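Student: These protein sequence lines are chains A and B, in that order.
All residue numbers for the first sequence refer to UniProt numbering, where the first residue is 1 and numbers rise by one.
All residue numbers for the second sequence refer to UniProt numbering, where the first residue is 1 and numbers rise by one.
In case anyone wonders, no lab produced these hints; they're calculated from the structure.
Remember, it's a predicted structure, so these values are computed and weren't measured experimentally.
Here a beta-carbon is modelled for each residue, glycine too, at the ideal position from N, C-alpha and C.
Hints may be right or wrong, so weigh each one.
Stated by the list, open to error - Residues from chain A shown here face chain B by an in silico Cβ test under 8 Å; the list is partial:
| # | residue |
| --- | --- |
| 1 | R185 |
| 2 | L193 |
| 3 | D200 |
Now for the letters of each chain:
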Amino acid sequence: MMLQPIMDGLVNGAIIGLGAIGVTLTYAILRFANFAHGEMLSWGAYIALTLSGLLGALLPALATPIGPFSFGWSVPIALVGSVVLTSVLALAVDWLLFGRLRASGAVTIILVMASFGAALALRNLLEFIYTSSPAYFTNALQISKQILPGLRATPDQLLVLGLGAVLVVLVHLLLTRSASGRSMRAVSEDPQLAALVGIDTRAVIRMVWILGAALAAVGGIMSGVIVQIRPTMGLDLLLPLFAAAILGGIGSVPGAMLAGLFVGLAEAFTVQFIGAEWRAAVSFVILVAVLLLRPQGIFGKAMA
Amino acid sequence: MSDILRVRALSAGYQPDMSILKGVDLKVDAGEFVVLLGPNGAGKSTLVKTIAGLVPIHGGSVKLRGEEISDLPAHLRLRHGLAFVPQTENIFAQMTIRENLQLAAQILPKATRAGRIAAMMDTFPDLASRPGTRAGALSGGQRQMLAVARALIVEPEVLILDEPSAGLSPLMVADVFARLKAINASGITVLLVEQNVRAGLSIASRGVILVEGRVAHDAPSADLADDPVVAQLYLGGRAQEGAQ
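If we strip away everything but chain A, and leave its shape as in the complex, we get:
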């Protein structure tokens, strides 16, 4: 009984962590809190749902479940397509909205307000296209298996955990070991100096949108595979994403992932021991506590 919330919390935390990486990178490099980021998770999930549905209709063999998992090859293939299309969507939003505001010298609060507007538009468009009814990648039922005494997990849940861990390591390596990652860190620290060392800051900004949207799409698909897909799934995840990004320390990828796991665990234990109605309050409590006690988060550096 004690161990089961750990598995539920870790799985949900992996999804929150992937979304929080996008929030933390956008905040560190573009210097504003992007409240439309949650919608990238929803759009990623719906794009994948559409693509996997099309693939399944065209080639029914692709819909046959792979081994112990609940879904067929249509879902991983759709994931790749969704990552590309969600990235294109994020770049389009930047081109239409945020890029124009940056060029006009808009202050941070204008960008934040614009992100609220973008979130609303993206969410309503999704609801208009797909309706507000929940959707599922598959109707197949999965039986959870015992991993340890008192701890059960489905193969899908274990896959989500494994994929989350692999992705966070890859993103961390990208940021710390590659030229692109160094450029992103440089723009995050000082955009003007970054330009003086020959870095095209506009290219870096595009890279941040692509990376954030790609991870959000994967997070949304994971959530869809484990639970369900709804147009409001991004909105529901928004507070946990921000709580994780701030708890992990703005700009820190491992921090966002670890904090995402922490938020997921805190939610799961709250549901288990206090009540499901308090789940949404957990992220808010964490957010307020971090802002009051350690505003720079776990891995962030204190402001001078």
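Chain B: place on chain A using the hints.
Tutor: Just chain B now, kept in the frame of chain A:
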């Protein structure tokens, strides 16, 4: 000697309707060492930042080797051979010394990057002794050395520095200036902004004095140092004393 950097009737400023530079004309020959002098608020830093592509141009032109670069963004001006070292915040403090140099070397062909980083480590042994140190932990002088090394790594034709001596001890200033002389002797054109008129004129071959966004004097350093008007205005009226 042919001019490598040419600024004509340059007007620029941070606000569209407020020009700090009001028609600056400046010519720097290849291999020359020019010092840019003037009182506070004259527009020295604005001029070099405009040449580097950091301040919007309202009118006029900036040419490098005869090629118009006014419309190029800052990151492309470096690729054209123009490197700029700002006065402050000229290194990535959160990154290590090695990462700062790796970042600067990124625009070079892959095959030459390691060689150029090693060359900079040889030129600045202080940096070579601790490449893993976070740049933010360095002293003022070491930071300036790292900033200069970062700029030199791409082998620029023109090196522009905005008051590299600011905030340094006299010993460190002498060291920085000696290095700048050596850099110029290696064939790199240097344009230096300096607040200390006497020190600036002592290392540069030519001095340009900027007053209220315009060039007020442009002459060989020795002539400027001996000019009684310049001495009266900028050297505390002691040109004759200094000459004697």
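Student: Would you mind marking each hint as holding or not holding in the structure?
Tutor: How the hints compare with the structure:
| no. | hint | result |
| --- | --- | --- |
| 1 | R185 | holds (7 Å) |
| 2 | L193 | holds (6 Å) |
| 3 | D200 | holds (5 Å) |
The structure agrees with every numbered hint stated previously.
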